[in-house]
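Undergrad: The listed protein sequences correspond, in order, to chains A and B.
First residue of the first sequence? That's 2 in the working numbering, and the numbers climb one at a time after it.
First residue of the second sequence? That's 2 in the working numbering, and the numbers climb one at a time after it.
For the record, the hints were derived by calculation from the structure and aren't laboratory data.
Among the clues, some could well be false.
Since the list gives no way to pick out one identical chain from another, each pair is judged satisfied if it fits inside one copy or across any two copies.
[Said to hold, decoys possible] With a straight-line Cα cutoff of 25 angstroms, these simulated SDA-like cross-link-like pairs (lysine to any residue) come out:
no., residue 1, residue 2
1, K55, S3
2, K55, S7
3, K64, W86
4, K55, A26
5, K55, R94
6, K55, W91
7, K8, A85
8, K64, A26
9, K64, W91
10, K64, D79
11, K63, D95
12, K64, R94
13, K64, S7
14, K64, D4
2 protein chains.
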Amino acid sequence: MSDAYSKYFGALSDPTRRAIVETLARGGRSVSALAEPHDMALPTFLRHLQVLEKAGLVRTVKKGRVRICTLEVAGIMDMQGWLAWQREIWENRDS
Amino acid sequence: MSDAYSKYFGALSDPTRRAIVETLARGGRSVSALAEPHDMALPTFLRHLQVLEKAGLVRTVKKGRVRICTLEVAGIMDMQGWLAWQREIWENRDS
């Protein structure tokens with residue numbers, strides 16, 4: 002689980018990857034539609050996408066000739082939970 | 002601001018640094034008390050602490066001969082806000 006959180010937070014440590022999450026929060030997108038607004042070489046973009054997939058924050062499925070990416074919101078919720086927990090402890094701290 | 006989020010999330014991508022945040026959520030600690038449970042060389046520990054300081058998640062102040070670390074909870078709240086925003090958009094998505 003510790004490793005999962007390291008991958009989650011590491012995946013969000015890059016502005017391109019956060020932008021991908023922001024786009025996918027609005028709904029599923031093809032890889033090409035997702036790449037389009039990003040001013041970088043496709044292989045570079047695909048490496049960012051792969052970091053998100055390996056972290057379990059994005060899932061990609063083939064629909065015919067098109068690869069469709071969706072957000073895996075469970076990871077977002079896991080991070081929210083960890084942060085909320087720290088904040089709750091902090092608000093009840095004694096020093 | 003984008004850079005701030007990259008540093009926040011990057012800082013939490015390591016289990017030692019998350020453990021430091023978990024400890025500091027309970028209240029301020031001296032650097033030595035903070036380092037004590039971690040089975041690693043002090044310079045290695047201090048590098049982790051420095052990543053958290055540079056991200057703005059931990060503040061260290063000198064009190065006499067002792068350096069006291071405290072959690073800067075604003076960064077935790079910023080990350081919570083970004084994640085909550087993505088989740089809200091996701092819950093209202095149309096695809």
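Undergrad: The structure should be examined with respect to each hint, and the outcome stated for every one.
TA: Hints versus structure:
no., hint, result
1, K55 with S3, "both (15 angstroms within a copy, 23 angstroms between copies)"
2, K55 with S7, "both (11 angstroms within a copy, 18 angstroms between copies)"
3, K64 with W86, "neither (39 angstroms within a copy, 29 angstroms between copies)"
4, K55 with A26, "within (18 angstroms within a copy, 29 angstroms between copies)"
5, K55 with R94, "between (36 angstroms within a copy, 24 angstroms between copies)"
6, K55 with W91, "between (31 angstroms within a copy, 20 angstroms between copies)"
7, K8 with A85, "both (19 angstroms within a copy, 19 angstroms between copies)"
8, K64 with A26, "within (20 angstroms within a copy, 46 angstroms between copies)"
9, K64 with W91, "between (46 angstroms within a copy, 21 angstroms between copies)"
10, K64 with D79, "neither (28 angstroms within a copy, 36 angstroms between copies)"
11, K63 with D95, "between (53 angstroms within a copy, 20 angstroms between copies)"
12, K64 with R94, "between (51 angstroms within a copy, 20 angstroms between copies)"
13, K64 with S7, "neither (31 angstroms within a copy, 33 angstroms between copies)"
14, K64 with D4, "neither (31 angstroms within a copy, 35 angstroms between copies)"
Consistency with the previously given hints fails for numbers 3, 10, 13 and 14, ordered from lowest to highest.
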